[in-house]
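The sequence shown begins at 1 in the working numbering and counts up by one.
Calculated directly from the structure, the hints in this document are not laboratory data. Computed from a predicted structure; not experimentally measured. Some hints here could point you the wrong way.
Claimed, not checked - Listed below are the simulated SDA-like cross-link pairs for lysine to any residue, each with C-alpha atoms no more than 25 Å apart in a straight line: (1) Lys27 - Ile48; (2) Lys102 - Tyr53; (3) Lys128 - Val115; (4) Lys118 - Asp101; (5) Lys27 - Lys106; (6) Lys118 - Asp32; (7) Lys86 - Lys106.
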Amino acid sequence: MDKIASGVITLAIVGKPNVGKSTFFNKVLNKDLSPVSEIPGTTTDLFIDNISYKNRTFKLIDSGGLKRKGKSKSDEQQYITKESLKAIYLADVVLFMIEADKEFTKTDKQICRLVLDKGKGLIFVINKIDLVDELKKIKN
Numbered sequence: 001m002d003k004i005a006s007g008v009i010t011l012a013i014v015g016k017p018n019v020g021k022s023t024f025f026n027k028v029l030n031k032d033l034s035p036v037s038e039i040p041g042t043t044t045d046l047f048i049d050n051i052s053y054k055n056r057t058f059k060l061i062d063s064g065g066l067k068r069k070g071k072s073k074s075d076e077q078q079y080i081t082k083e084s085l086k087a088i089y090l091a092d093v094v095l096f097m098i099e100a101d102k103e104f105t106k107t108d109k110q111i112c113r114l115v116l117d118k119g120k121g122l123i124f125v126i127n128k129i130d131l132v133d134e135l136k137k138i139k140n
């Protein structure tokens with residue numbers, strides 16, 4: 001608690017490939033620091049920057065997408081996964097980004113379990129809410 005009361009809080013944005021982590025990171029920072037594209041795996045390194053909010057400093061980490069071990073075929077994808085795990089270890093709080101129109105999977109549960117087992121805080125960030133058909137119907 002001492003670190004949270006007096007120091008910089010590190011937040012890591014993690015989730016599956018192409019859920020919008022880098023877009024979210026860039027929007028929060030109001031910068032185009034992390035690369036964004038429709039191609040999964042665009043973010044390969046960790047991108048780190050600080051933001052101040054209400055007299056507090058937060059370190060924000062953007063990571064590449066996490067995949068199940070069996071699905072990480074290429075060396076690059078293995079590297080992205082390692083960098084994402086590194087982000088979790090560096091974080092005080094993990095912002096776990098999921099897509100609103102997708103099911104919460106066994107892999108998602110495993111990622112959450114890892115975060116909690118490491119003693120990290122966990123916040124769900126639900127993205128792409130505009131893709132949910134039921135909400136579109138309600139809006140209309």
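Hints, verified against the model:
1. Lys27 - Ile48: Cα-Cα ~14 Å, so holds.
2. Lys102 - Tyr53: 31 Å, violated
3. Lys128 - Val115: 23 Å, holds
4. Lys118 - Asp101: Violated: Lys118 and Asp101 sit about 28 Å apart, past 25 Å.
5. Lys27 - Lys106: 29 Å, violated
6. Lys118 - Asp32: 31 Å, violated
7. Lys86 - Lys106: 21 Å, holds
The structure fails to meet hints 2, 4, 5, 6 from the earlier list, while all remaining hints are met.
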